Amino acid sequence: LGCQHVDYSNIFLVGFARPIIGNIPSISEMQARYIVGLINGQYKRPSNIIEKNTIDRDLLNKRYPKLNTDQMYPVDMVPYCNRLAHKMGTYPSLMKLKSVSKWMKVMLSPFSTMHYLDEEFDLEYINNQRVYSPLIISALLVLIKIFDIPYTKIKKITEQ
19 LGCQHVDYSN
29 IFLVGFARPI
39 IGNIPSISEM
49 QARYIVGLIN
59 GQYKRPSNII
69 EKNTIDRDLL
79 NKRYPKLNTD
89 QMYPVDMVPY
99 CNRLAHKMGT
109 YPSLMKLKSV
119 SKWMKVMLSP
129 FSTMHYLDEE
139 FDLEYINNQR
149 VYSPLIISAL
159 LVLIKIFDIP
169 YTKIKKITEQ
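Residue numbers (our numbering): 19 to 178.
Think of the hints as simulated: they come from the structure by calculation, not from any bench.
Careful, some of the hints might be misleading.
No farther apart than 30 Å at their CA atoms in a straight line, the calculated lysine-lysine pairs in the DSSO-like style are these [as the list claims (entries may be wrong)]: (1) K173 - K70; (2) K116 - K173; (3) K114 - K84; (4) K120 - K84; (5) K80 - K163; (6) K123 - K174; (7) K173 - K163; (8) K120 - K80; (9) K123 - K80; (10) K123 - K171; (11) K116 - K84; (12) K84 - K171; (13) K62 - K84; (14) K171 - K70; (15) K80 - K173; (16) K80 - K174; (17) K174 - K105.
Just the calculated beta-carbon pair ranges, DEER-fashion [as the list claims (entries may be wrong)]: (18) S119 - D166: 16 to 22 Å; (19) I164 - S65: 15 to 21 Å; (20) D136 - D25: 24 to 30 Å; (21) S119 - G33: 33 to 39 Å; (22) D140 - S65: 20 to 26 Å; (23) P83 - K173: 25 to 31 Å; (24) K120 - G33: 27 to 33 Å; (25) I154 - T176: 17 to 23 Å; (26) S65 - L153: 24 to 30 Å; (27) P83 - K116: 20 to 26 Å; (28) Y109 - Y82: 20 to 26 Å; (29) E137 - A157: 18 to 24 Å; (30) K84 - L153: 16 to 22 Å; (31) L153 - L31: 24 to 30 Å.
Keep in mind it's a predicted model, so treat the numbers as computed, not measured.
Glycine residues also receive a C-beta, built at the ideal position from the N, C-alpha and C atoms.
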């Protein structure tokens with residue numbers, strides 16, 4: 019994930035990921051949450067980290083062929099933060115939120131790291147968020163998200 023050293027389990031890289039779309043502080047916050055969880059023993063370091071790193075580097079080189087991925091770790095902010103959230107078990111899935119309206123509010127309100135379901139998750143904050151997009155755009159975004167879930171799973175299977 020670009021924030022764990024492959025050879026040394028006690029070296030971490032926060033803020034090294036460079037967003038193609040997004041911002042560094044939000045990414046760094048999610049990386050810091052993940053790393054603190056690793057240090058505290060909440061999350062386990064992958065046993066096959068070298069293999070995962072090789073696959074990740076190959077995907078980065080395919081996706082960003084003109085960038086020197088040895089000097090930077092290019093990411094898209096929201097998908098990258100979602101990957102970290104899945105690893106931490108904090109991704110705001112429909113099953114975890116137990117409400118379609120809450121899930122839609124999280125998915126359609128402006129992105130924030132407060133959307134992830136950790137100890138700082140604030141349901142009141144989510145309930146007070148405004149959705150600024152017109153209904154038709156919101157409906158299209160929900161449809162895209164619904165189709166994105168199986169697409170992402172199939173893509174992961176075929177890339178392995």
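Comparing the hints with the structure gives:
no., hint, result
1, K173 - K70, "holds, 15 Å"
2, K116 - K173, "holds, 27 Å"
3, K114 - K84, "violated, 39 Å"
4, K120 - K84, "violated, 40 Å"
5, K80 - K163, "holds, 24 Å"
6, K123 - K174, "holds, 27 Å"
7, K173 - K163, "holds, 15 Å"
8, K120 - K80, "violated, 36 Å"
9, K123 - K80, "violated, 34 Å"
10, K123 - K171, "holds, 23 Å"
11, K116 - K84, "violated, 43 Å"
12, K84 - K171, "holds, 27 Å"
13, K62 - K84, "violated, 33 Å"
14, K171 - K70, "holds, 16 Å"
15, K80 - K173, "holds, 14 Å"
16, K80 - K174, "holds, 15 Å"
17, K174 - K105, "holds, 15 Å"
18, S119 - D166: 16 to 22 Å, "holds, 20 Å"
19, I164 - S65: 15 to 21 Å, "violated, 33 Å"
20, D136 - D25: 24 to 30 Å, "holds, 29 Å"
21, S119 - G33: 33 to 39 Å, "holds, 35 Å"
22, D140 - S65: 20 to 26 Å, "violated, 35 Å"
23, P83 - K173: 25 to 31 Å, "violated, 18 Å"
24, K120 - G33: 27 to 33 Å, "holds, 31 Å"
25, I154 - T176: 17 to 23 Å, "violated, 32 Å"
26, S65 - L153: 24 to 30 Å, "violated, 47 Å"
27, P83 - K116: 20 to 26 Å, "violated, 42 Å"
28, Y109 - Y82: 20 to 26 Å, "holds, 24 Å"
29, E137 - A157: 18 to 24 Å, "violated, 33 Å"
30, K84 - L153: 16 to 22 Å, "violated, 39 Å"
31, L153 - L31: 24 to 30 Å, "violated, 42 Å"
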